[in-house]
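So the sequence lines, in the order shown, correspond to chains A and B.
At position 156 of the first sequence the residue is numbered 156 (the working numbering), and the sequence of numbers has no breaks.
At position 106 of the second sequence the residue is numbered 1106 (the working numbering), and the sequence of numbers has no breaks.
Since the hints were made in silico from the structure, they are not lab data.
Among these hints, one or two may not hold up.
Claimed, not checked - Quick list of in silico lysine-lysine cross-link-like pairs, BS3-like style, CA-CA up to 25 Å:
no. : chain 1 : residue 1 : chain 2 : residue 2
1   : A       : Lys174    : B       : Lys1247
2   : A       : Lys161    : A       : Lys174
3   : B       : Lys1247   : B       : Lys1235
4   : B       : Lys1248   : B       : Lys1235
5   : A       : Lys174    : B       : Lys1116
6   : B       : Lys1011   : B       : Lys1169
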Amino acid sequence: MDSGGREVTVRRQKIKKNRVKVRLIIFLILAAALLAAAVWAEALCPYDPYAQDMSAALQPPGPAHLLGTDRYGRDMLSRVLIGARSSIFSALLLAGITGMLGTAAGVACGYFGGAADMVIMRISDICLAFPSLVFAMGIAAVLNGGMKGAVIALAAVGWPKYARLARSQTLTVKNSDYIAAARLSGSSALQIIFLHILPNTGGPILVTAALDIGTMMMELAGLSFLGLGAQPPAAEWGSMMSGGRSMLQTSPWVVLSPGLAIFVSVALFNLLGDAFRDWMDPKGPGGHG
Amino acid sequence: MEDRKPLLEVKNLTKVFRRRGEELTAVNHISFQLYPNEILGIVGESGSGKSTAARLAVRLLDGTEGEIFFDGQDITHVKGRELRRIYRRMQMVFQSPATSFDPRRTLGGSIRESLKNAGLPRGERPARVRELLEMCGLPGEYEKRYPHEVSGGQCQRAAIARALAVSPKLLVCDEATSALDVTVQKQVTGLLAELRERYGMSYLFICHDLALVRDFCDRVLVMEKGRIVEEGPAKQVLLSPRHEYTKKLVESIL
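Sequences and hints are given; from them, build the entire structure.
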């Protein structure tokens, strides 16, 4: 009786685990499709995204221009496709840089402690005390615009979150017996960090980074919208929306198509991050330690 | 035995933990010697400072005061590379076998880490890992297992195999048999006794099981509140204790 009940539970857990896995795989495929579209954007573009054609300016979506044209007669579909490249890759790059910087700082603070720990964590407190987007705008403005400036600005305000997470994770792992055993095995601090601490703390950090990609994409688009990121005529979703905002009532497609592109990709990356978290969570149905 | 040079000598070792202004003296001016091929037991109730003393002796913790000599060398303040060299002659086995292995690495992987750091060429490592596991009574295939895939006793054998990877002269066992049930405990102490015969190793054996200490150790130290209150041959101390605390300890357990 008892074992029968347990079997049912086990089977139910297995089904749940499979569902989580299927969800993760579906979103991974969709994200891969999005990335592929960004990589091969040039081949997919029906028109040159920078070619101006004043005779075809501000045409509504139709068979010739699926998403219409902007005020210079540039094909919106082509511009959205090309814009995917800078928007998505900048967001991925930003998540990577922020995650790595924050993790490096946090693990070092947690493992070595001491005065450096104090100083770095107080700096991160100061960073966290500012409203992050306002702070990022300030830094981006000082760096004089450009996509590179926007990425640096957002990385500068984003790292404390990862530093705190990595530090607390490191502190819980640091005093375990297997770290002591590794020291007795003759491993140096760096070896211990790379072989034992990072593999055992990386899960939650990766999940946070995955969940953050969407937000970062939006923040980048926001900075570009404000003119602090990508500069015209570069095709970037945020700056495209900004450029078309005066025509929102007369030719809404100029704003809506990049807006929709942001919406879809942010949603996709958020769902992917969610699925990834469920899959990584050892206590959840995924059961993956 | 007394005329030989001690392998491990601890002089006036003290450890004070400071937390939020409060001071706790976990180990209070203890001194002892451990001679080659000897098994020295440390007994005492929980909180008496046995484990702290063990961790101080292998330099996992830094002492507040006192000196530690190992193999004639002052190791009280050695650090980094020099300390790692000491760890090729001095090893430790922990109380909880499951948490003394990295949950994300195989048992073999953790043992290989030690062999790699000791400078054994890559090609010779797999054979040596199997040899070590088999020496400790585990099938060689267990190198591919993860810590949660083996029982506590098997995991402790693997932990001993890892400690033996560098052929140490001194093995510190911090309650190494406490988490195991009685039959497995017998097997593990049997293995340790056999290894002592074969390699002439010495053990610092921290344990709260007085019967086990009486049978297994040559000499014993009794600790109470961070101090050593009685010291002598294990059978003598535990069968006819002189100090009040030891008497109480023996009465309450045996």
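Note to self: When the structure is checked against the list of hints, which entries are broken? Sort them ascending.
What the structure shows: 1
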